[in-house]
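*Asks:* The hints should help you fit chain B onto chain A, whose structure is shown.
There are 2 protein chains.
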Amino acid sequence: MSKLILHNYFRSSTSFRVRAALNLKCLDYQYVAYHLGKKQQRADAYLRLNPQGLVPALEISSKKVVTQSLAIIEYLDEVYPQVPLLPKAPLERARVRSIAMMVACDIHPLNNLRVLEHLRAEHGADDDAVASWFRHWATETFIAIETRLVCESETGQYCHGDSPSLADICLVAQVVNNKRFDIGLDPYPAIARIYDRCMSSAAFVAAMPANQPDTE
Amino acid sequence: MSKLILHNYFRSSTSFRVRAALNLKCLDYQYVAYHLGKKQQRADAYLRLNPQGLVPALEISSKKVVTQSLAIIEYLDEVYPQVPLLPKAPLERARVRSIAMMVACDIHPLNNLRVLEHLRAEHGADDDAVASWFRHWATETFIAIETRLVCESETGQYCHGDSPSLADICLVAQVVNNKRFDIGLDPYPAIARIYDRCMSSAAFVAAMPANQPDTE
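Taken in order, these protein sequences are the chains called A and B.
Take 1 as the starting number for the first sequence in our numbering and just add one per residue.
Take 1 as the starting number for the second sequence in our numbering and just add one per residue.
Just chain A, same shape as in the assembly:
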């Protein structure tokens, strides 16, 4: 099997998710960086790999590419079942996916770089307005995630039980992202506890934006 190639960017939260999944499964991969600030993900060669012009994309052979971070992680979990990132039972899988999607559908899409840039360019948002926008969506959903983690009996050392899952991957990536807008974890003790637990794992630490080949 040819080596996996991850097209990504050190600071990208969705790239972080895939790096964490690859690391948790101990999968070796080639790291190819695209500087989003320089719009390298919009270059023709990359658009041929991913017409959406977004990172990450996982190249699994010279012709086959998987895009969208959650689709990539589900693919990895199906093809490399060691260190599963989803439980076995459908209802448990649904819980993990739903927590992951609270981040992946209700926080991150609103707060990623292209959206913040668009707010500035087209809607006259200044630094304060951009920060307020980011904090609004992150906070609204973090409150709901914290409530679920506290109230639902399936929560363990991680979001679901005592092993890391797709939910932890998305949650930790968002906690890291939040730091750029000074959103701390004091109001979210359950999230803080799970974040600390994940950060005690080399797989998560190696996925961090600070530890990539293209880190600035």
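Since the hints were made in silico from the structure, they are not lab data.
Wrong hints could be hidden among the right ones.
Copies of the same chain look alike in the list, so a pair counts if it works inside one copy or between any two.
[As the list claims (entries may be wrong)] As a list, the in silico DSS-like pairs of lysine-lysine whose alpha-carbon atoms are at most 25 Å apart:
no. : residue 1 : residue 2
1   : K3        : K88
2   : K64       : K88
3   : K25       : K88
4   : K63       : K88
*Replies:* Here is chain B on its own, set in the frame of chain A:
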């Protein structure tokens, strides 16, 4: 097995997705409506079911609730495998999920009601600015979806092959949503063809916002 209860709203695009999945699988369900304009999804009784205060939520027994439309549909596909909404092979599943997530992560979260209301209330957006915002995100990603559907050999009568999948469900729901902002399908012949194909199916028609108990 107790009857499935779908907590939803006729106009909600994510609710449409789940209704289409339930219909495609010929699953009977009880319809419970929440008027988003009246903030009924923020009432205490519903927040106990779904602390996020968003629709849809699928109640599968008196205690168990699944939230997030894509997590619900994956759950339904695992528990009720008749009329599968994902292919069997991992790479094919990844393609279907990635197209679904282009809508579910990169269009819909930016364009749903709570975001448009927030743009008006907090960022002074008027009708024109809101419409421009909606069209920007819908168009950017529809161009990329159209490119994929045209260029990728897996495209068939539907987004993936000749049977409806999670990708078609998300795509059709977004096409319906786009109509509210006069975004037509002339620039997207592949999407238009697939939309027409889906609309020839009673399952999709019965899921349409116009055909629900709470339709206004």
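*Asks:* Take the hints in turn and mark each one as holding or not.
*Replies:* Going down the list of hints, with the structure as the test:
1. K3 / K88: Cα proximity of K3 and K88: across copies only (23 Å, versus 28 Å in one copy).
2. K64 / K88: between (27 Å within a copy, 17 Å between copies)
3. K25 / K88: Classified as both: same-chain Cα gap 17 Å, cross-chain 22 Å, threshold 25 Å.
4. K63 / K88: between (31 Å within a copy, 20 Å between copies)
Hint check: no violations occur; every hint is consistent with the structure.
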